[in-house]
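**Q** The residues making up each chain are set out below.
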Amino acid sequence: MLKELARFKGFSAKNLPKEEPFAPGHRACQGCGEVLALRLALKALGMNVIAVSATGCMEIISSPFPYTSWRVPWIHIAFENAAAVASGVEAALKALKRKGRFPKNRRVDVVAFAGDGGTADIGLQALSGALERGHDFVYICLDNEAYMNTGVQRSSCTPYGAMTTTSPPGSRSFGQMTWKKNLPAIAAAHGIPYVATATPAFFLDLMNKVKKAALVEGPAYVHIYAPCPTGWGTKGEDSIRLAKLAVETRIFPLYEVIEGKYYITRKVTKPKPVEEYLKLQRRFRHLTEDHIRQIQERVDAEYERLLKLAECL
Amino acid sequence: MGKRIAKEVSIAIAEAVKQCRVDVIAAYPITPQTHIVEHLSELVANGELDAEYITVESEHSAISACLGSVATGARTFTSTSSQGLALMHEILFIAPALRLPVVMVVANRALSAPISIWNDHGDIMAERDIGWIQTFAENGQEAVDLVYHAFRVAEDRRVMFPVIVNIDGFTLSHMIEPIELPDQEQVDQYLPPFKPRYRLDPRKPISMGPVGIPEIYTEAKKAQDEAFKNAYRVIVKAWDEFEKIFGRRYRPVETYRMEDAEVALLIMGSLAETAMTAVDRLREAGKKVGLVRIRLWRPFPLRDFVRAVKGVRVLGVIDRALSPGATGGPVGVEVRSALYQVPGRPRVVNFVAGLGGRDVTVEDFEEMADKAFFYMKKKPKEPYEMIGVKE
Chain B
1 MLKELARFKG FSAKNLPKEE PFAPGHRACQ GCGEVLALRL ALKALGMNVI AVSATGCMEI
61 ISSPFPYTSW RVPWIHIAFE NAAAVASGVE AALKALKRKG RFPKNRRVDV VAFAGDGGTA
121 DIGLQALSGA LERGHDFVYI CLDNEAYMNT GVQRSSCTPY GAMTTTSPPG SRSFGQMTWK
181 KNLPAIAAAH GIPYVATATP AFFLDLMNKV KKAALVEGPA YVHIYAPCPT GWGTKGEDSI
241 RLAKLAVETR IFPLYEVIEG KYYITRKVTK PKPVEEYLKL QRRFRHLTED HIRQIQERVD
301 AEYERLLKLA ECL
Chain R
1001 MGKRIAKEVS IAIAEAVKQC RVDVIAAYPI TPQTHIVEHL SELVANGELD AEYITVESEH
1061 SAISACLGSV ATGARTFTST SSQGLALMHE ILFIAPALRL PVVMVVANRA LSAPISIWND
1121 HGDIMAERDI GWIQTFAENG QEAVDLVYHA FRVAEDRRVM FPVIVNIDGF TLSHMIEPIE
1181 LPDQEQVDQY LPPFKPRYRL DPRKPISMGP VGIPEIYTEA KKAQDEAFKN AYRVIVKAWD
1241 EFEKIFGRRY RPVETYRMED AEVALLIMGS LAETAMTAVD RLREAGKKVG LVRIRLWRPF
1301 PLRDFVRAVK GVRVLGVIDR ALSPGATGGP VGVEVRSALY QVPGRPRVVN FVAGLGGRDV
1361 TVEDFEEMAD KAFFYMKKKP KEPYEMIGVK E
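Line by line, the protein sequences give chains B and R.
The numbering used here puts the first residue of the first sequence at 1, with every later residue one more than the last.
The numbering used here puts the first residue of the second sequence at 1001, with every later residue one more than the last.
I should point out that these hints are in silico values taken from the structure, not numbers from a laboratory.
Misleading hints may appear alongside valid ones.
What the hints assert, rightly or not - For lysine-lysine, the following PhoX-like pairs were computed, each having C-alpha atoms within a straight-line distance of at most 20 Å: (1) LYS1204(R) / LYS97(B); (2) LYS1204(R) / LYS1287(R); (3) LYS94(B) / LYS1204(R).
Make the full structure from the sequences, and use the hints.
**A** Have a look at this one:
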């Protein structure tokens, strides 16, 4: 275990930070899992934070001038470069602290937020560069599995079979034809100290992981699974249920990769069938039993692989 | 006073950046800018310059990191060329709109295709409308001096705009010239520490770069435009101040042998020195020719320019970039537009020359001046003409 994490006891339901760095009154859709994840992540980080946002839902809904939902310093530059901008913020803090132009002992966490499009697709290069260079920052991907604020187009994080406006089912298509890109594995492959997956359904787990990510020295990556009622064709009140089901069906396993070692943080011994998760969402309604079987097989195989990764250590 | 010593211009620029006490440098290697950032890396590695050097994975990330850094309150520098500048393009608009005063040296180079590493102004002319203050250096000494000026202007609280110093790739960047680097005390006297008006600081949180809804976008842009135009006075004053401390005088527009000139050539960048020789030769032959050089390209020095070409009958504008299908090269179009409202304006004839590193010789300038004399009586058929094409 990393020395920075040794003293962190974890948040508990009775012991949550009182501050709300993300103010209420934003413009997210009803039942948005992403904004919930964002709020929890910031709550875990506290007020001594500089936040960088990529273009995406969370930037749009939180900052229509003259309003802002950010009670911490915040900057948005473009869609694909949150990691690069955060690199600059981190380097500047380092230089200014060294030169005595910023209080040396004051801890400021640098955090970057981006959606799955801004992370897995257009932003992957900037993210990879920043992780490789070892900047001390937290990168949080809020994954709602498509380009949502432009009108639900597929991203490389869109799951197999899902319907989006650019992966529509038709006579020659059954929706998204590729499997979801494994971003946490890509992040972990950079050999960074901390990688984790989380979902707002398990909020203490999410907050603890984000806090740990901030505590470790060097780059940390947290992949947060965030249901999107608008994009997925689901009921707003089902978001947390779906986020929970994704874990219980093993579609989205919860784990940490600490210094390259995998730890499953919520082992699912009696998984629910994936169908239970899929049938609640309009984006999967065109799928045949054969497709669902394929998805089940893939999910099982991936989970086995993950178990082995965790076991062998 | 500093000593004049022979130095490669890129190295001298890096030394000047060091004297400006930068905090953060983020850059990606691209020819012919590389010597600048290589030398800066050395200075950081040797502990001669106390700065963070971010070895980014692309120019896009270089400029992105620079904006993050300058927004946090650190004096920030980068440098690029050609394709690298083009890769930065998207982010270049964001810097002035957020009033983030980063300084960049662009070693001007042609754009693909065909791929060319040699000098012209095709890269920077594609970045004409990004809202950065832009200057063009004529020689090594000026390149260095414009770096001090760039930081001073960019970080002035009345300005807060990013600045590009253009230097011709290879023909300036790789030349060894006698250059006088001032003493550190002089630079310190000229360039106060960076005290940003706003910065990312948890003690005083602000939101930078929010969504501009239609109700405010126009107003935001108007505010940006007004502030940019107002920067002009600060730019000129900063040169006045420069003269007081360093003894060298710079103006937005410079003229050479323009007294009683009937024909004037107009150029930006290092070729001006070749053009001067041509002007001297033509003057010796009794022809009334002068030279106008624009040092400050953005904001465009409209009044100074109009004053400079007063009384001229034909203005031969030499562009170092091609704008296919347009009514001229970028400088030609700009200058024609600037003169349109001027009574008794000179006729503008536009030449495109020196693309992709093609030499433009004294004889070429003489030829262009002769053409300008010819067009005094006759209107040119085409809005611009390419010079030095082998047919």
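**Q** Hint compliance check: list the failing hint numbers for this structure, sorted ascending.
**A** 2
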